Structure formats: structure tokens, C-alpha cells
Amino acid sequence: MLPLSAQAGGSQLVVPKTVFVGDTAEVRVVLHSRIDFLADGPERGEWILPADSLPFPAENDDFSLKDARLLCDGAAHSIVLTIVPWRTGALEIPSLDVAAALGADAAPFEVVFQPVEVSSILPPDGTAGLRPPAAPLLVPGTVYAVYGLAVLLIAAAALLFKLAGSRAALVSAVRRRRFLRKCARNARAARKALRTLKKGASRIDDAEFCGTLVRILRNYSSVRFGRDFSAVTAPELPGVFDEAFGGLLDGAALERTEALQRMFLRADYVRFARNSIDSRREPREQYAAALHGGERDGLIASAEEFIRGFEGGGADA
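End of the sequence shown sits at 316 in numbering that gives the first Met the number 0; the numbers just go up one at a time, nothing left out.
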């Protein structure tokens, strides 16, 4: 049995990025390998992994498990655990056998989790307290002069802060407007390129179609998120987006980035797996390095939805 670990075959994400004792956290492992014993099931769906089928109790000294799920979207699969940690430090989550948890009559399919770092909500030990301030020493007769000077200084500081704040707000508004115009032009260009690709799809093969689709999405993402996506591979996408959002990727944005990763994985397989051993496996409609049915329209629709999600009021990077 070869375990599929987050280091070797999957990408692990923890939301929120900083987890405190008693917080609810979501540990998600995106698998980059097809689960063969689900091949006959629906392409998309969600399966609840029963607590009594897992190799660890739902309530233990280290954490409480709220739920465990298997999410499937075509060839992509994700294991999602919702937990509440009770101890600080590196939280070790035992590995689990997905096949056994689902009660499938199949070879073991083990998922290994990376340790989750849990922080304490208490301040560190040894924090020193401040001594009370000593009474001021004033020369007799200078109290009113000191008070007057203080009032003048406060008024001058307030005026300076107001002017600085107004200027900063104006500069920020101008930059924001320029950024929005740039994003709008970028989104229009990407949508136009997708429409052109859809119209001319019948004149190109699957590999060229996938290459053009990936190039359009790379160009759009580079401008929209301020990162160079020209050489980012599919397994690297979660880390790049996590950095672009400063670790504040919300649930909706996370779903969109996972959809982009699935499109990249599918396109790369069609482009580079031609004539490979995998592409000759049976059934051919599952493993052939070619798009089938209405998959071209589906990929373009997914790309348009990815763009619409970030341009229609989603989180800004």
C-alpha cells in the first residue's frame, strides 16, 4: 500500500491560516490522484465519512472532530476535516483510509495529514507590568503656559493629521480607481479571448485548445493578482494564491482557485499524456489524453465562471 500524503501527492490547506486553541478550523487535502473505487459513481458529489469509521475518536484529548467529508469534482478529490483543537503546538492528525471509511471493497487508499500548528490565546509567560507614572515636576507659575502650549500642539497635530489623511485618502482613491479600470480591461480581454477560442475550437485539436485555454487564464491571473503565473504549475497554485491573499483566502475564493487547479490538471494531462502508458489504459474514455463530449464547452464555462467570481464582487487580492 502506498500512502498518498500531502507532501507527496496532495496540497494541504488550513483555514484560517492561524489556528488558536478552541477555534473551528478546516483542514483540506486536495488529492492529485484519481480514486479508482469511485470511478463508477457520479463525477461530482460529497460523501460524509462516518465518525465511527475513522481511525481516531471524534472526541479526544488533542481535538474534536465536527465532520469529515470527501468532495469529488470530476477527476479531482478533496478530503475535508472540520476540527476544534484543544492543545497548542503541532497537532498530529492520524492518517485515514478513505476506502475503509466509505466501506468500499477496494485496496486501501491512505491519506496522511501534515501537522497543524495551533497557537495559544494567552500572552507568553514573564510579561512585565509597567510602573505607574511619577508625578510631574513643575516650576511654580508655569502651569498655564504648559497647558496653553499643549493646546497649540494638539491643534497643530490635528490639522496636520487631517491634511495628511485627506491626501492619503485621495491618493488611495485614485490608485483604487486605476486598479479597478485595469482589472475591468483585463477581464474583458480574457472573456473576448475565450469567445474567440470557443468559435474557433472546431479548427484545432484538443492539445492546442487546452494550451490556449491555460495561456488565457495565466495572462488574466497575472494581471488580476499581481503575480507571474506564466510558469506556475498546477500543484503550486494553492500556495501562490495563499501568498497573493496574505493567508486570508475565504471559502468562496478557495473554491474558485481549486476549480482553476482542476482545469490546469486536466489541460496538462491532455497536452502531455498523449501516447503515454496511462493514456492507453482502459476504459479509454476515462484515460485517453483527449477531451470528450461537451468537455470543451465545460472548460470554457468554468474559465468564465472563474473570472466572473473575482470580478463580480469577490475578495480582492
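Warning: the hint list may mix true and false statements.
[Unchecked claim] Pairs of lysine to any residue residues, derived as SDA-like cross-links and limited to a Cα-Cα distance of at most 25 Å, are as follows:
{"no.": "1", "residue 1": "K197", "residue 2": "S301"}
{"no.": "2", "residue 1": "K16", "residue 2": "D51"}
{"no.": "3", "residue 1": "K197", "residue 2": "A99"}
{"no.": "4", "residue 1": "K161", "residue 2": "A149"}
{"no.": "5", "residue 1": "K16", "residue 2": "G245"}
{"no.": "6", "residue 1": "K198", "residue 2": "T211"}
{"no.": "7", "residue 1": "K181", "residue 2": "E242"}
{"no.": "8", "residue 1": "K65", "residue 2": "S301"}
{"no.": "9", "residue 1": "K191", "residue 2": "E254"}
[As the list claims (entries may be wrong)] Pairwise CB distance ranges (calculated):
{"no.": "10", "residue 1": "C182", "residue 2": "D104", "range": "14 to 24 Å"}
{"no.": "11", "residue 1": "S171", "residue 2": "S278", "range": "50 to 60 Å"}
{"no.": "12", "residue 1": "K161", "residue 2": "F55", "range": "21 to 31 Å"}
{"no.": "13", "residue 1": "W85", "residue 2": "G238", "range": "24 to 34 Å"}
{"no.": "14", "residue 1": "G292", "residue 2": "G238", "range": "48 to 58 Å"}
{"no.": "15", "residue 1": "R187", "residue 2": "A89", "range": "40 to 50 Å"}
What the hints contain is simulated information worked out from the structure, not anything from laboratory work. Computed from a prediction, not measured in an experiment: that's the story for all the values here. Virtual Cβ for every residue (Gly too), placed ideally from N, Cα, C.
Query - Violations among the numbered hints, reported as their numbers in ascending order - result: 2, 3, 8, 10, 12, 14
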